[in-house]
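S.K.: What follows is each chain in one-letter form.
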Amino acid sequence: DTAVSQTPKYLVTQMGNDKSIKCEQNLGHDTMYWYKQDSKKFLKIMFSYNNKELIINETVPNRFSPKSPDKAHLNLHINSLELGDSAVYFCASSHLGAYNEQFFGPGTRLTVL
Amino acid sequence: DQQVKQNSPSLSVQEGRISILNCDYTNSMFDYFLWYKKYPAEGPTFLISISSIKDKNEDGRFTVFLNKSAKHLSLHIVPSQPGDSAVYFCALNVGGGADGLTFGKGTHLIIQP
Chain L
417 DTAVSQTPKY LVTQMGNDKS IKCEQNLGHD TMYWYKQDSK KFLKIMFSYN
467 NKELIINETV PNRFSPKSPD KAHLNLHINS LELGDSAVYF CASSHLGAYN
517 EQFFGPGTRL TVL
Chain V
8 DQQVKQNSPS LSVQEGRISI LNCDYTNSMF DYFLWYKKYP AEGPTFLISI
58 SSIKDKNEDG RFTVFLNKSA KHLSLHIVPS QPGDSAVYFC ALNVGGGADG
108 LTFGKGTHLI IQP
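Listed in order, the protein sequences are those of chains L and V. Start counting at 1 in the first sequence, then tack on 416, and there's your number in my numbering. Start counting at 1 in the second sequence, then tack on 7, and there's your number in my numbering.
Don't take every hint at face value.
Unchecked claim - Okay, derived cross-link-like pairs now, BS3-like style, lysine-lysine, Cα gap no bigger than 30 angstroms in a straight line:
#, chain 1, residue 1, chain 2, residue 2
1, V, K112, L, K425
2, V, K75, L, K425
3, V, K75, L, K483
4, V, K78, L, K438
5, V, K63, L, K425
6, L, K438, L, K460
Unchecked claim - Computed list of chain L residues with no C-beta within reach of chain V, every gap over 12 angstroms:
#, residue
7, Q430
8, K438
9, D446
10, N478
11, S481
12, A508
Hints listed in this document are in silico derivations from the structure and should not be mistaken for laboratory results. Being a predicted model, the structure only gives us computed values, none of them experimental. All C-beta atoms, glycine included, are put in the ideal place defined by N, C-alpha and C.
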């Protein structure tokens, strides 16, 4: 009965590879997000999607491409991985509108060697 | 330029006493304020929130105070319990859309027995 789930939980890969992280929510939310927590522990918004449409893209390199096949899923594809991409990536979801808290997944720790 | 600052990286409090976590912000457009709790290797979990039309919101042992003129937010936990040991993030939003949350860097709360 996990609300927001992510796979995989850990991902170790070589520079230059392409990888994907999957996210699913079963809360019936219409808005989903990707956040990145870097080595300095800052959690920063990367993307938000509402009803499968991109709403926010916060100056993220175009090597990162979110894809939303339906309202319950928001996957993150990363091409040509770089060392600086190593971080923990969190997916989140919420209802659209003011004063709605976001629910977070458990995170995916990506390590690029 | 950090829009949200949590100036105490860590805080140690004795079990049973009050824990007070602080958060300052610079952007007066923020109108929805949340606290999240995070355990290691897990995603942030929503704790409590307050909108800009209020100055206090209480939920059990947790109370959030908002001082808009000072652009200051605080979380009070009383009495503090061992299970409260975690990293606490304040997160702010400009309500009404699919905006991501702007997070502080977090405060690691340690409850001493």
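S.K.: It remains to establish, for every hint, whether it holds in the given structure.
M.R.: Evaluation of the provided hints:
For the suggested pair K112(V) and K425(L), the alpha carbons sit about 22 angstroms apart, so the restraint of at most 30 angstroms is met. Distance check on the hinted pair: K75(V) and K425(L) sit about 39 angstroms apart at the alpha-carbon level, beyond 30 angstroms; violated. Between K75(V) and K483(L) the alpha-carbon distance is near 38 angstroms, which puts this suggested pair outside the 30 angstroms criterion. This hinted pair does not check out: K78(V) and K438(L) have alpha carbons roughly 37 angstroms apart, beyond 30 angstroms.
A threshold of 30 angstroms between alpha carbons decides the hint, and for K63(V) with K425(L) the separation of about 37 angstroms lies outside it, so the pair is violated. Distance hint between K438(L) and K460(L) is fulfilled; the C-alpha atoms sit about 18 angstroms from each other, no more than 30 angstroms. Every beta carbon of chain V lies more than 12 angstroms from that of Q430(L), the smallest distance being close to 24 angstroms; the non-interface claim holds. Distance to chain V confirms K438(L) as a non-interface residue, since its nearest Cβ pair spans about 15 angstroms, more than 12 angstroms.
The beta carbon of D446(L) sits about 9 angstroms from the closest Cβ of chain V, which is not more than 12 angstroms, so the claim that it is off the interface is violated. With a minimum CB-CB distance of about 18 angstroms to chain V, N478(L) clears the 12 angstroms threshold, and the non-interface call stands. Look at S481(L): its CB is around 17 angstroms from the nearest CB on chain V, clear of 12 angstroms, so calling it non-interface holds up. The beta carbon of A508(L) is not kept farther than 12 angstroms from every beta carbon of chain V, the shortest such distance being approximately 8 angstroms.
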